[in-house]
Amino acid sequence: MQNQTLEAALDLFYQAQNPGVVQQLPNRWSASEGWRDNFMAITALNRKQLLSLGDESRRQRQRNREQGLFRP
Amino acid sequence: MIRYIERTKAYYRAQGFEHDYQWARNTHTPLSKPAKPLTSARITLVTTAVVEPGIPKPIRTAKSYRFSDAPAHFDTAEVSWDKVTTHTNDRESYFPLRALNARVAAGDIGSLAPRFHFIPTEYSQRHTRDQDAPLITQHCLEDAVDLAILIPL
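Residue numbers (this note's numbering), protein chains in the order written: chain A, 22 to 93; chain B, 1285 to 1437.
Just to be clear, a hint being listed does not mean it is correct.
Stated by the list, open to error - Stretches of chain A that chain B covers, calculated by requiring three or more beta carbons in the stretch to come under 8 angstroms of a beta carbon on chain B:
#: 1; stretch: 43 to 50
#: 2; stretch: 53 to 59
#: 3; stretch: 62 to 74
#: 4; stretch: 85 to 92
These are calculated hints, taken from the structure and not from any lab test. Beta carbons are placed, not taken as given, at the ideal position from N, Cα and C, and that holds for glycine.
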């Protein structure tokens, strides 16, 4: 599968007729399609946890700013 | 189909962020056809996988490394991907160096450039557009690169 993906990428350099072309490959992540529902899912069970993650992220950003850890 | 942008916006709103990320829209990107056939082209990789995790994330900038110095495992924990469904245990799945070397050895690709390039995932479009991308472009020109494959994680 990795070789086929690389092959498709190399072909695209020469076959693309427009910028921003997206080529879909037939590969599947897994036999189950369940991941589609779970990816970045917001549920009654994880709402509190997500908010807590966001709070920690904002605190970390503030600490970074205070320590001069940012790009000009 | 997953509507990634809508789902991502909702996910970060659920984390209490008030402003949605503004995705870049490069509507005027020109198409650049390769000047050489693949059999004589020089190729490189651009990755968002982290080479030096010791550098704090907020101050990571684009940087180029010799392919011979590529780590056996990049740090991929901090970038966003579906960590439930897949993994990055196999470096070839996001940094196909062995596959490229095999094609070079077989004569399918002209040569591998001496350096690959790290570009950080950034909230700031300005950092990517005005600082990181120009540096990588400069290094690709120095290395006489014809083709660069960007593999974002």
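Hints versus structure:
Counting residues of the stretch 43 to 50 of chain A whose CB falls under 8 angstroms from any CB of chain B gives 1; the rule of at least 3 is not met. Here the stretch 53 to 59 of chain A counts 3 residues with a CB under 8 angstroms from a CB of chain B, which clears the bar of 3, and the coverage holds. For the stretch 62 to 74 of chain A, the proposed coverage by chain B is satisfied: 5 residues have a C-beta within less than 8 angstroms of a C-beta in that chain, meeting the threshold of three. For a cut-off of 8 angstroms, the count of residues in the stretch 85 to 92 of chain A with a CB near a CB of chain B stands at 4, and the three-residue condition holds.
Hint 1 alone, counting from the list given before, is not met by this structure.
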